[in-house]
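Whole structure, please, built from the sequences with the hints as guidance.
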Amino acid sequence: MSGKRRGSISLEAALFLPLVLLLLFFLLSQIVAVTARIKLQGALARTAAELSLLSPAARLAEEAAGDILETPGASLDEGLQDVATVLAALFGDTAADLTLDVASTGLLGPWIVQRTREWLADDAGNAESWPDTISSLSACLDWRMGRQQLWICLTWQQRHLLGQKTCSVRQVIPLWIGCKRPEDSSGEAGPSLWQLDNFSRGQAFRSLLGGTLPYDFPVIAAFEQGEATAIKSVDLTRPTYQAAAAFETQIGDFLDSLAAFQGADYDKGGQTIRIGAGQITSRRLLLVIPENGAQAWLAESLARLGARAGAANVRFEVVRSGISQADPGQS
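In terms of the working numbering, the sequence shown has 65 at position 65, counting the first letter as 1, and numbering is strictly consecutive.
Warning: the hint list may mix true and false statements.
[Claimed, not checked] Restraint-style ranges between C-beta atoms, simulated for each label pair:
1. Ser-136 / Ala-294: 49 to 57 Å
2. Gln-164 / Leu-196: 55 to 63 Å
3. Arg-170 / Lys-268: 28 to 36 Å
4. Glu-224 / Gly-42: 15 to 23 Å
5. Ser-168 / Gln-262: 27 to 35 Å
6. Asp-253 / Ser-207: 19 to 27 Å
Since the hints were derived computationally from the structure, they do not count as laboratory data. Given the structure is predicted, the values throughout are model-derived calculations rather than measurements. Every residue, glycine too, gets a C-beta built ideally from N, C-alpha and C.
Rendered as structure tokens:
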């Protein structure tokens, strides 16, 4: 009787052990696949960070060449916009976007793949198995000139226990805009915005500079690819901001609020938005000031605020837009 029982147990073990082992191998392959994806995202982020330096470097080289030759030329932003405009005139908007994407992919795609592979190799240990599960890396680019962004889409074949799967990740590269003011087709929107009341002006600049969240969403105006962006405008021609201390206090409060932002739940008017603290990977404060704000202390104040923002892990950008003709009696 005991022999039959032992035989039954052995038979059950022989039947179920392969299934258990198969399940374990499947789970391990999924863990390796997730690890590979995380490593690829990190490598692509490093590559994007390198690529993002090309725009300000090109702008500085362009300005230096202009100073040497004393012949101002078109800016990098204007050059790209001109290319997009010409292509749109020739082929239409959709075909123009596709043509620009294909051309830039052909030029930059191989370099992006190479640099991503180099970062992967730098991050991989000798005993790790995940690098061997990645193959057929390729990159394509998507220009979004209206939002001054370049998107990289990286695709690859991920090997796991049951075969191969096509995977992809996306990474955004912000195109440096310096202190140029945004313009619209009328050429008059910039100056006129400073004549609005504070609330209306704030909403107008939010819309102009890419704010996508509701106007009453806490702290931030946009949230995309993990970046929480606050958009604020300050009229430096108002009496309130004729002293550096008042200006730095106001902007410092903006920075502190953004640095402390840990997400929010929004549910109004049938619109539901959930942003958790774990979703936030970076923070940016976009400050709009008028072109005729030229206080002697402004450059030093902005430098101090930039250092304060850096210490709080907040990216601080200043955009000059329009001419303010504020009533001196207003604050």
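How the hints compare with the structure:
no., hint, result
1, Ser-136 / Ala-294: 49 to 57 Å, "holds, 55 Å"
2, Gln-164 / Leu-196: 55 to 63 Å, "holds, 56 Å"
3, Arg-170 / Lys-268: 28 to 36 Å, "holds, 29 Å"
4, Glu-224 / Gly-42: 15 to 23 Å, "holds, 19 Å"
5, Ser-168 / Gln-262: 27 to 35 Å, "holds, 29 Å"
6, Asp-253 / Ser-207: 19 to 27 Å, "holds, 23 Å"
Violation of the numbered hints given earlier is absent; every hint is satisfied by the structure.
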